[in-house]
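**Student:** Letter by letter, the chains look like this.
Number of protein chains: 2
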Amino acid sequence: MNTSQLKSFSGLYTDFYQLTMAQVYFKKQKHLATATFDYFFRKNPFESGFTVFCGLEDLIDEIENFQFDESAIEFLQNHGFEEDFLSFLRKFEFTGSIYSMQEGEIVFPNEPVLRVEANLIEAQLIETLLLNILNYESLIATKTARVVLAAKGRAVSDFGMRRAQGLGSIHGSRAAIIGGASSTSNVYSGKLFNLPVAGTMAHSFIQSYEDEHEAFKAYSDVFPENSIMLIDTYDSLKSGIQNAIKVAREMQLRGQHLVGIRLDSGDLAYLSKKVRKMLDDADLKNVKIVVSNQLDEHLIKSLLDQGAPIDMFGVGTNLITGKPNAALDGVYKLSSVDGQNRMKLSDNAEKLTLPGAKHVMRLYSEDNLFYGDVVLKTEEPAAFKVVHPSDPSKHFDAGNFRQEHLFQLVVKNGSRTAEKKSVREIKQTVQYRLEQLPDEHKRFENPHVYKVGLSEKLKRERDQLKSRYESQF
Amino acid sequence: MNTSQLKSFSGLYTDFYQLTMAQVYFKKQKHLATATFDYFFRKNPFESGFTVFCGLEDLIDEIENFQFDESAIEFLQNHGFEEDFLSFLRKFEFTGSIYSMQEGEIVFPNEPVLRVEANLIEAQLIETLLLNILNYESLIATKTARVVLAAKGRAVSDFGMRRAQGLGSIHGSRAAIIGGASSTSNVYSGKLFNLPVAGTMAHSFIQSYEDEHEAFKAYSDVFPENSIMLIDTYDSLKSGIQNAIKVAREMQLRGQHLVGIRLDSGDLAYLSKKVRKMLDDADLKNVKIVVSNQLDEHLIKSLLDQGAPIDMFGVGTNLITGKPNAALDGVYKLSSVDGQNRMKLSDNAEKLTLPGAKHVMRLYSEDNLFYGDVVLKTEEPAAFKVVHPSDPSKHFDAGNFRQEHLFQLVVKNGSRTAEKKSVREIKQTVQYRLEQLPDEHKRFENPHVYKVGLSEKLKRERDQLKSRYESQF
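The listed protein sequences correspond, in order, to chains A and B.
Per the working numbering, the first sequence starts with residue 556, numbered consecutively.
Per the working numbering, the second sequence starts with residue 556, numbered consecutively.
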């Protein structure tokens, strides 16, 4: 789906209550009030020590095209919306500003990742679109980054399209490449986002031939430079690898080279070792071993820990659906209206929202790795005393750290402020930033919790506003 | 997304290997061989005792529009596909037949749900599209059916769009309504599939006002007939319910009626009881209680077991993502080529595929409930001796049961054979068929396993083919 196709639906790609609230704002003449909203999440997915922020460029594309066409207006008419409000929607466009961390940034719970400053009605109407895009793409980029870390330099390919959640596959495969996958099987996304596409062959292809050797031979005849033989249709060791070796030798006689074989069932550690030995004994040391079948980061780690001689992993369902979490819990919360601080209360101090317009500074340790992040008011240019969000006894001085601004203006008056970044550039950002993240945050088991503190001023404003609200009831 | 928008991409909405295999079929003149493929799954999601089959009408729409436009051809040209094959793709359309269970049918593991009969290349090229649509919609319809069963007649609304897997939300909300949800928050899907849309209000709406009562009042002014007040922005009991009652009384004075209140945090059993009593004491017995916040079928069951006086459930993330499974494991397997039986071997008898063209008969017990299903060869018009797929000692005689054909011809020569069914009709099918499913299969804990047997003839053909394959290596 390209953005021109999306034009006719982006206005209605929203929750119904956004439109009813918008009508109230409009009728009560509140829609032109200025508002600030934060996008953030409360928990890393997959018990990960970090999250990869993904989806920003897609979001900006959609926001630039956010509008209500006549068929949308007609639909809303039939649902009882009022004519003056619909006239307003006919001319609606997003004219606000968005400040954001860069796409591909490594981000953490309870810090704003993106801030919207716009008229109340505009900021409200883009909420669902924003959450839908950023939550899913960040989930998949994070999952893929973990899978790629587990693969320790070996290639990972996204094989998930058939188990993806419907059309979610379109942006899911983009996020998989950004998260570190080398290729995707998804041709549609490959075309839309200029992603590397790849594939091997299916069991049905082999079954469609009278015998397995004939199938391998046919494939290698048509794709002599790019054949990876799937060897488990009948029996990986007794049949598949024998026929693959036979074909590889026939190819050698023609001056060609079999790229690899794929295992898709059975014990992948046991089979890959057996198959590697058989290939090596047949003087086919360059033939690669690709494996697939319900892989995830934990299984890949375990296979490599056991010395499985695997060259490439095809990862499907678990990657493209972000199983078992299936969603990032990102939220979009109001922090000010007409310059006045606003927050949401909660019995749990960590669930209190942070009032006012904020940005984030990253602190670097002496070895130039990430040390921690600080959330500050926008009027604070640098961090000094940093306090824990809920434990007053924990604080430190940020004055001695190198500090880096993480927020940039990415949309101004409704338009993109800089050229769109390619998937390749964003993927490089992820790689570069992950290298700056200390290993203890990348550990799968019980990773070290990354520090996210508040400026003293922000903490004070939050506590004061909380007290003021609570004094009212 | 409507089908005209999809036209330009459905051909490329596939795994890359489908296209490489297709080029081999074409080059080797194998593409016109006739083939039969089965769609089936091996495991009910969510440890459920049943699965709801969903997505068929969407699949037929896509198959009728399946084609490669010039930009698709150009993309494939740049990826090294050959000119004669691309000329073939330019004229490609699906001209085969599809036999299927009806959409909304209650289906079970290891029985074919749908059968494709087409030229090998056509049957192969629609695989990814078919799996992508049917796997996700069936997952979500099944999840929703379970949530609705847990709600015991109370309304369930799909609130999941913001946490849906990107554009997956489009078909996900359709599947949620089919599975039994009363409404969805997803306006885009509402328009596309004619679904009932609904919503309440967000915390940001309330925070945008100086005080909570003012926010409630503004909303009820604009939507006097359809206000549900969200009461947990500051404090549900000390603030929210007090202001909701105040506004409800003001509405009464104007002859209006507050529809409900919504709880979105805290202990929903405790709070709903407190709030119900406060509403009743204020003579607001008709004001409904809506709850949301990370609900799923198990939590809803537990809330109702504890007597929580809840009238409606808003279910988001867990419903629209099918968490924790996130995917149905549906597969598409070749069962014959040019009339010759084919199968995939496996060490696990239950993972052997079933050769040849098959259909399914449903057997009814004396009380007219589902007793079990039988997989037969298409040439067998009724079931007689039924055997267990892997345990030869288990068999029974189906002669005494009322039997029902579950397969219908739904696509003939590439075109739909009957008028498209509406979501409303399919939803009724689900309700009706679930009533015919015995309760022990609907239990959440360790549900009774539904019988799926094979005809004696099918079992014999499978075992013979297996032996023949194994004798070759």
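Careful, some of the hints might be misleading.
Same chains, same names: a pair is fine if it fits in one copy or spans any two.
[Unchecked claim] 20 angstroms max Cα-Cα, derived DMTMM-like pairs, lysine to aspartate or glutamate:
no.: 1; residue 1: Lys-707; residue 2: Asp-884
no.: 2; residue 1: Lys-585; residue 2: Asp-766
no.: 3; residue 1: Lys-840; residue 2: Glu-805
no.: 4; residue 1: Lys-982; residue 2: Glu-1025
no.: 5; residue 1: Lys-707; residue 2: Glu-990
no.: 6; residue 1: Lys-829; residue 2: Asp-1018
no.: 7; residue 1: Lys-746; residue 2: Glu-629
Keep in mind that the hints were calculated from the coordinates and are not lab data.
**Student:** Take the hints in turn and mark each one as holding or not.
**Tutor:** Structure-based check of each hint:
no., hint, verdict
1, Lys-707 <-> Asp-884, "neither (28 angstroms within a copy, 28 angstroms between copies)"
2, Lys-585 <-> Asp-766, "between (72 angstroms within a copy, 14 angstroms between copies)"
3, Lys-840 <-> Glu-805, "within (16 angstroms within a copy, 82 angstroms between copies)"
4, Lys-982 <-> Glu-1025, "neither (46 angstroms within a copy, 47 angstroms between copies)"
5, Lys-707 <-> Glu-990, "within (13 angstroms within a copy, 52 angstroms between copies)"
6, Lys-829 <-> Asp-1018, "neither (64 angstroms within a copy, 29 angstroms between copies)"
7, Lys-746 <-> Glu-629, "between (34 angstroms within a copy, 10 angstroms between copies)"
Against the hints set out earlier in the document, violations occur for numbers 1, 4 and 6.
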